[in-house]
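As given, the protein sequences belong to chains A and B, one line each in that order.
Per my numbering, numbering through the first sequence is continuous, rising by one, with the last residue being 257.
Per my numbering, numbering through the second sequence is continuous, rising by one, with the last residue being 71.
No lab work stands behind these hints, which were simulated from the structure alone.
Remember, it's a predicted structure, so these values are computed and weren't measured experimentally.
Errors might be hidden in some of the hints.
Residues from chain B that face chain A, not an exhaustive set, calculated with beta carbons under 8 Å [claimed, not checked]:
1) N11
2) Q35
3) I37
4) A38
5) E40
6) I45
7) A58
8) G59
9) E63
10) I64
By construction, the Cβ of each residue, glycine as well, lies at the ideal position given by its N, Cα and C atoms.
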Amino acid sequence: MDTPLELGGRKFSSRLIVGTGKYKDFEQTRRAVEESGAEIVTVAVRRVNITDRKSENLLDYLDPKRYQILPNTAGCYTAEEAVRTCRLAREVGVGEMVKLEVIGDQKTLFPDVPATIEAAKILVKEGFKVLPYITDDPVTCLRLAELGCAAVMPLAAPIGSGLGIRNPYNLAIIIEQAKVPVIVDAGVGTASDAAYAMELGCDAILMNTAIAGAKDPLAMARAMKLAVEAGRLAYGAGRIERRLYATASSPITGMIQ
Amino acid sequence: MAESAFNITLNGEPYRLEGDARLPALIDRLKMRPQRIAVEINRRIVPKSEYAATILAAGDEVEIINFVGGG
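Start from the sequences and build out the full structure, keeping to the hints where you can.
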């Protein structure tokens, strides 16, 4: 039996965190989240559409009593914007946990590291449980953990790229040093990527496009759930050493002559 | 009662506010529910406990946000 994921003072049995963007409609979002088994879901903070008012709301499909809602600061390019977004998100009333992302570049959507650190300092001081999306740089991850972030969320590859785990060695260092949970955020393309990240020893994975963008999002959601569980199990089980040459699985004695 | 007609800026757009100028009336008119939104007036967040006592004034810059799908 796996130990629960402890995040921001709460315990979760699922180690898969899913986004809610890019789905056809709220109903498909709800069903994909259900299939994934996720207990934490990310959402974006946006202006209410005044001209085209629908009274339906995403939270009507994802009950905040059942799911930990994790508002993000996607689209923010400065620490100030990100902090303002988090303060607004908290006021909706779904808790203190936020996914901090301060984007540094439009094309790669890589994080602005100094701005992320600056925003994290302010948010931690204000009592937020900060989960920062960050570059897969071990030193930056250490700094973010030291200043009080509830987890670090290094990217595996650019957001939405589906390139998979581009730098497993950096992730391994981050995981080895970690004093807070390490959540691989962004870059996963398919189930084997998710399993691989979990086998490296990360505590959880956050993904959106890999599920929402699949031809069959519900099937992929289920695949990801199983992959995260399988990867976690394999990590705990302890894989064999890699060897260059064969070692026979069957006895080498007692052969018929 | 705060009966009036004036302009505010709502989510970056000009908005004509007529009748009841209290914040809950605006929220109601927009078919929104307080537990799904957060409100900022002139860059200051309005706690939900203050909605009832908040009366909008001409020129106010109002931001109302909610959660949408995102990663």
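Enumerate the violated hints, using their earlier numbering and listing them in ascending order.
As far as the earlier hints go, 7 and 8 are violated by this structure, in ascending order.
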